[in-house]
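Enquirer: Below, each chain spelled out in residue letters.
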Amino acid sequence: RKEVEQDPGPFNVPEGATVAFNCTYSNSASQSFFWYRQDCRKEPKLLMSVYSSGNEDGRFTAQLNRASQYISLLIRDSKLSDSATYLCVALSYGNKLVFGAGTILRVKS
Amino acid sequence: GAGVSQSPSNKVTEKGKDVELRCDPISGHTALYWYRQSLGQGLEFLIYFQGNSAPDKSGLPSDRFSAERTGGSVSTLTIQRTQQEDSAVYLCASSQTSVEQYFGPGTRLTVT
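One line per chain: the protein sequences are A and B, in this order. Take the numbering used here: the last position of the first sequence gets the number 109, and nothing is skipped along the way. Take the numbering used here: the last position of the second sequence gets the number 1112, and nothing is skipped along the way.
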């Protein structure tokens, strides 16, 4: 079993839609979690950290459920420019980032 | 300011040859990481440097892989006797804290 698992998608949604991605992690010792975004043939870039209390950054909301070892990302009012692969990431021991395989989002007009 | 840079951007090599991949981290970043990403796969951790030392080499897939970092800055990842399964994008990241890692554009390695 992979340490971080995501639904690979693709999620095909119209502009303006709300879309949610889920992720589960197996290492209960993981303390910090992140969502990264990766555009096609580009490097990953940090989208947002995920806090236990839930956090919001504009149209993006991230949630963490430690009891269920579950992380989510909600995108409201989807834009064409949101099309990318979204990577769920856990910070493991030794400051090692453990990446999920990513969820593909395609926003269409 | 300048971000993380990597060279070469693309490398095609014959099976059995050695290759060296270079990473220039963001100035002042003490931590440096190497990952690889195979087609359709997530990022796989290879090795982590804090300064010039590598406290975690657990991700190196075999003894054909090695890495060093000198002067707390530039790092080189060396793959000896390359195999076709080594074909991937090799990504380097640097950070000052453990929260955000800044990635370079990667080196796309193709072993023929």
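Keep in mind the hints are simulated off the structure, nothing from the lab. There may be inaccurate statements among the hints.
[Unchecked claim] Taking lysine to aspartate or glutamate pairs in the EDC-like style, the calculated list, with each CA pair at most 20 Å apart, reads: (1) A:K45 to B:E1044; (2) A:K45 to B:E1085; (3) A:K79 to A:E56; (4) A:K79 to A:D39; (5) B:K1011 to B:D1024; (6) A:K45 to A:E56; (7) A:K96 to B:E1100; (8) A:K45 to A:D82; (9) B:K1015 to B:D1056; (10) A:K79 to A:D57; (11) A:K96 to B:E1085; (12) B:K1015 to B:E1085; (13) A:K45 to B:E1100; (14) A:K42 to B:E1044; (15) B:K1057 to A:D57; (16) A:K108 to A:E5; (17) A:K96 to A:E15; (18) A:K2 to B:D1024; (19) A:K96 to A:E3; (20) A:K42 to A:E3; (21) A:K42 to B:D1024; (22) A:K42 to B:E1100; (23) A:K96 to B:E1068; (24) B:K1017 to B:D1063; (25) A:K2 to B:D1063.
Note that this is a predicted model, so its numbers are computed, not measured.
Enquirer: Decide, hint by hint, whether the structure agrees.
Expert: Hint check results:
At most 20 Å may separate the alpha-carbon atoms for a hinted pair to count; K45 (chain A) and E1044 (chain B) meet this at roughly 16 Å. This hinted pair does not check out: K45 (chain A) and E1085 (chain B) have alpha carbons roughly 26 Å apart, beyond 20 Å. Note on K79 (chain A) and E56 (chain A): the hinted pairing holds, with a Cα-Cα distance of about 17 Å set against a maximum of 20 Å. For the suggested pair K79 (chain A) and D39 (chain A), the alpha carbons sit about 14 Å apart, so the restraint of at most 20 Å is met.
Between K1011 (chain B) and D1024 (chain B), the direct Cα distance comes to roughly 17 Å. Compliance with the 20 Å bound is thereby established for this hinted pair. About 17 Å separates the Cα atoms of K45 (chain A) and E56 (chain A), which keeps this hinted pair within 20 Å; it holds. Using a Cα cut-off of 20 Å, the hinted pair K96 (chain A) and E1100 (chain B) holds, with the two alpha carbons roughly 11 Å apart. A C-alpha spacing of about 13 Å is found between K45 (chain A) and D82 (chain A), which places the hinted pair at or below 20 Å, so the restraint holds.
Proximity of K1015 (chain B) to D1056 (chain B) is assessed by CA-CA distance (about 28 Å); at most 20 Å being required, the pair is judged violated. Between the alpha carbons of K79 (chain A) and D57 (chain A) the distance comes to roughly 15 Å, so the proposed pair stays at or under 20 Å and holds. For a cut-off of 20 Å, the pair hint linking K96 (chain A) to E1085 (chain B) is broken: about 23 Å separates their Cα positions. Restraint check: the Cα-Cα separation between K1015 (chain B) and E1085 (chain B) comes to about 10 Å, which is no more than 20 Å; the hinted pair holds.
Distance hint between K45 (chain A) and E1100 (chain B) is fulfilled; the C-alpha atoms sit about 9 Å from each other, no more than 20 Å. For the suggested pair K42 (chain A) and E1044 (chain B), the alpha carbons sit about 16 Å apart, so the restraint of at most 20 Å is met. A threshold of 20 Å between alpha carbons decides the hint, and for K1057 (chain B) with D57 (chain A) the separation of about 35 Å lies outside it, so the pair is violated. Note on K108 (chain A) and E5 (chain A): the hinted pairing is violated, with a Cα-Cα distance of about 26 Å set against a maximum of 20 Å.
A distance of roughly 35 Å separates the Cα atoms of K96 (chain A) and E15 (chain A); the hinted pair therefore is violated under the 20 Å criterion. Distance hint between K2 (chain A) and D1024 (chain B) is unfulfilled; the C-alpha atoms sit about 30 Å from each other, more than 20 Å. For the proposed pair K96 (chain A) and E3 (chain A), the alpha carbon gap of about 12 Å is at most 20 Å, so the pair holds. Among the hinted pairs, K42 (chain A) with E3 (chain A) is inconsistent with the structure: their alpha-carbon atoms are about 24 Å apart, more than 20 Å.
Restraint check: the Cα-Cα separation between K42 (chain A) and D1024 (chain B) comes to about 17 Å, which is no more than 20 Å; the hinted pair holds. A C-alpha spacing of about 17 Å is found between K42 (chain A) and E1100 (chain B), which places the hinted pair at or below 20 Å, so the restraint holds. A threshold of 20 Å between alpha carbons decides the hint, and for K96 (chain A) with E1068 (chain B) the separation of about 17 Å falls inside it, so the pair holds. Restraint check: the Cα-Cα separation between K1017 (chain B) and D1063 (chain B) comes to about 15 Å, which is no more than 20 Å; the hinted pair holds.
For the suggested pair K2 (chain A) and D1063 (chain B), the alpha carbons sit about 23 Å apart, so the restraint of at most 20 Å is broken.
Checked against the numbered hints given earlier, this structure breaks hints 2, 9, 11, 15, 16, 17, 18, 20, 25; the rest are met.
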